[in-house]
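> Sequence:
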Amino acid sequence: MGALSCGMASAVPAASGQPMSIEKGHFVLDGKPFRIVSGEMHYARVPREYWRDRLKMAKAMGLNTITTYVFWNAHEATPGHFDFSGQNDVAEFVREAKEEGLYVILRPGPYVCSEWEFGGLPAWLLKDPNVKVRSTDPKFMEPAQRWLHRMGQELAPLQLSRGGNIIDVQVENEYGSFGTDTAYMEQIRKGIVDGGFNASLLSTSDSAETPGSLPGVLQVINFGVGHAQKKFEKLHTWQPGGPYMVGEYWIGWFDHWGAPHHVEPAKKVADELSWMLKQGYSVNFYMFHGGTSFGWMNGANWDDNSYQPDVTSYDYDSPLDESGRPTPKYLAARAVIARETGVSLPPVPATPPTQAIEGIRLGESVSLWDSLPAPVSSAEPRTMESFDQAYGDILYRKRVDADVSGELLVDTLHDYAQVYVNGKRVGTLDRRLKQDRLKLALHKGDTLDLLVQNDGRINFGEKMLNERKGILGPVSLAGKPLHDWQNYSLPFTDSASLHYTSAACQHAPCFYRATFDAPVAGSAAADTFLDTAGLGKGFVWLNGHALGRTWSIGPQRTLYVPGVWLKPRGNQIVVLDLLVEGAPVLSTRKHPILGTTTVGIP
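Numbering follows the UniProt record's numbering, in which position 385 of the sequence shown is assigned residue number 385; successive positions increment by one, without gaps.
One or more of the hints may lead you astray.
The calculated lysine-lysine pairs, modelled on DSBU-like cross-linking and capped at a C-alpha distance of 35 Å, are [as the list claims (entries may be wrong)]:
no. : residue 1 : residue 2
1   : K463      : K234
2   : K32       : K98
3   : K480      : K434
Here are the in silico distance ranges between beta carbons for each label pair [unchecked claim]:
no. : residue 1 : residue 2 : range
4   : I601      : N305      : 42 to 52 Å
5   : G226      : I22       : 58 to 68 Å
6   : P568      : E380      : 44 to 54 Å
7   : K567      : N305      : 27 to 37 Å
8   : H499      : V348      : 42 to 52 Å
9   : T136      : V348      : 21 to 31 Å
10  : G544      : R425      : 29 to 39 Å
11  : T136      : G600      : 34 to 44 Å
12  : P519      : I601      : 37 to 47 Å
13  : T428      : Q506      : 13 to 23 Å
14  : A335      : R361      : 40 to 50 Å
15  : L465      : P519      : 45 to 55 Å
Since the hints were derived computationally from the structure, they do not count as laboratory data. Just so it is clear, the structure is predicted and the values come from calculations on it, not from any experiment. For glycine and all other residues, C-beta sits at the position ideal for the given N, C-alpha and C.
Could you build the full structure based on these sequences and the hints that come with them?
Following this line, the structure appears as structure tokens:
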């Protein structure tokens with residue numbers, strides 16, 4: 001196929017009453033061949049106040065479409081209670097895309113992967129130890145169908161043929177990399193259609209090696225830089241009549257704690273993009289703008305037989321960096337799109353300056369040990385999910401009733417544990433490093449504490465099926481099982497109301513609190529990046545917003561602080577740190593520190 005018009009306009013036109021269709025191997029819109037030039041951007045990873053700015057940037061790069069997942073766990077944090085307000089107002093995100101002249105490809109899952117906590121599935125699904133997610137198991141399918149119907153109430157009216165701008169809706173996500181149950185996929189498709197999405201194209205998105213589609217559903221493929229020609233050859237064998245689209249063109253990659261920061265050269269991306277557009281192929285950049293997995297929303301992978309939790313930043317080496325600023329990759333892609341499509345692009349919008357703030361002294365503190373809730377007794381350690389707890393930490397306490405020396409063995413630790421005897425830390429166990437045992441010598445009357453942190457649920461592959469958090473198996477010492485535990489659920493949902501004092505914290509883990517001014521805040525909205533140097537492992541909140549995780553092992557050292565979340569005076573920061581004591585002093589920087597880079601997708 002030769003080059004096709006990008007179908008760009010100053011605004012998405014009024015619907016003709018017909019959805020986008022496929023004719024003679026082409027996408028067709030308003031009776032004309034249409035080539036999708038899309039970029040992935042997720043509403044939940046970008047402060048709502050910045051949606052419009054980022055969409056204008058997409059338009060200026062030459063995109064005609066925005067692709068977004070819909071994150072089930074963000075909208076139904078507790079069963080049956082749905083939230084589509086504020087940051088979760090995905091319908092408003094879609095409407096703003098239309099106002100900026102952009103169509104939308106919707107990826108509602110219910111599973112989305114995306115390096116997002118548990119692939120977007122709610123943690124409460126795991127309270128029942130027998131549930132099998134992403135299957136026809138009624139314990140999964142019934143709440144999944146309920147979700148698809150409720151989500152449809154928000155978004156189905158925004159389909160193109162109903163006056164909106166949604167042109168395609170994806171069925172599940174990368175199912176070919178997980179299973180082969182056609183009945184499951186049929187039920188998900190039915191849930192999407194019954195939810196009101198019966199006026200758009202339906203599609204599936206998979207790697208070129210493992211198709212997971214259904215008859216009559218458009219197939220698009222996912223691949224990284226340098227693989228376009230080979231992967232499209234494969235798609236030609238699946239879908240010989242076309243159309244041909246890369247649903248996820250991985251132009252960067254995500255980062256794991258304890259590993260390098262990944263980048264892909266801009267020229268390599270631009271050269272391959274040029275080749276794809278010359279063939280007339282449709283493209284979706286993954287990611288156009290990665291943003292941030294704020295809060296506890298980072299996922300994890302299982303690769304090389306090891307657990308690999310993701311960092312908070314989802315910069316992804318995208319054309320727009322984590323704070324929405326254009327990069328060399330943006331400018332290179334923009335030049336290619338303009339050249340290959342012949343479309344005259346709007347100017348690149350200006351971005352406001354960033355700011356740096358010095359001397360944020362964490363002068364108020366309180367030890368976690370002085371802030372414990374009431375415990376629940378059990379014979380064996382219980383998982384977080386059994387307490388309706390999705391995120392945070394959980395403490396397991398055991399009073400030793402006899403002298404004993406030997407190896408402490410924790411069976412199936414998820415994910416990171418600090419071991420204390422009589423309040424003194426004596427060791428650490430880390431799932432990433434396959435650490436599950438420690439030599440101890442205990443005496444009658446000693447208190448053994450295991451403080452376990454959830455570092456993010458796996459979001460890809462069959463390991464998802466057993467991603468409960470805490471301690472999932474028995475605990476033994478010197479070969480003998482340890483029974484009768486006190487379980488302390490620590491979701492950290494109200495850390496700002498703890499009883500802080502001005503004394504330096506001398507018994508980690510500690511909560512710290514500070515108040516600081518931001519020289520440029522309010523309407524100027526100057527972003528900044530919190531430098532976590534000097535912290536150990538923990539979490540940060542700012543003015544009630546959950547910024548994300550910190551860990552001194554890197555690669556990420558700075559947390560993105562949106563300027564719109566700052567105030568000129570009286571900003572409050574709360575830090576939980578498992579390791580650091582005293583009164584740390586923090587600062588913010590004008591630019592992020594994401595770690596030593598490595599080129600290429602692993």
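> Confirm or reject each hint.
Hints, one by one, checked against the model:
no.	hint	result
1	K463 <-> K234	holds, 28 Å
2	K32 <-> K98	holds, 19 Å
3	K480 <-> K434	holds, 21 Å
4	I601 <-> N305: 42 to 52 Å	violated, 19 Å
5	G226 <-> I22: 58 to 68 Å	violated, 28 Å
6	P568 <-> E380: 44 to 54 Å	holds, 52 Å
7	K567 <-> N305: 27 to 37 Å	violated, 47 Å
8	H499 <-> V348: 42 to 52 Å	holds, 50 Å
9	T136 <-> V348: 21 to 31 Å	violated, 48 Å
10	G544 <-> R425: 29 to 39 Å	holds, 30 Å
11	T136 <-> G600: 34 to 44 Å	holds, 39 Å
12	P519 <-> I601: 37 to 47 Å	holds, 39 Å
13	T428 <-> Q506: 13 to 23 Å	holds, 20 Å
14	A335 <-> R361: 40 to 50 Å	holds, 47 Å
15	L465 <-> P519: 45 to 55 Å	holds, 50 Å
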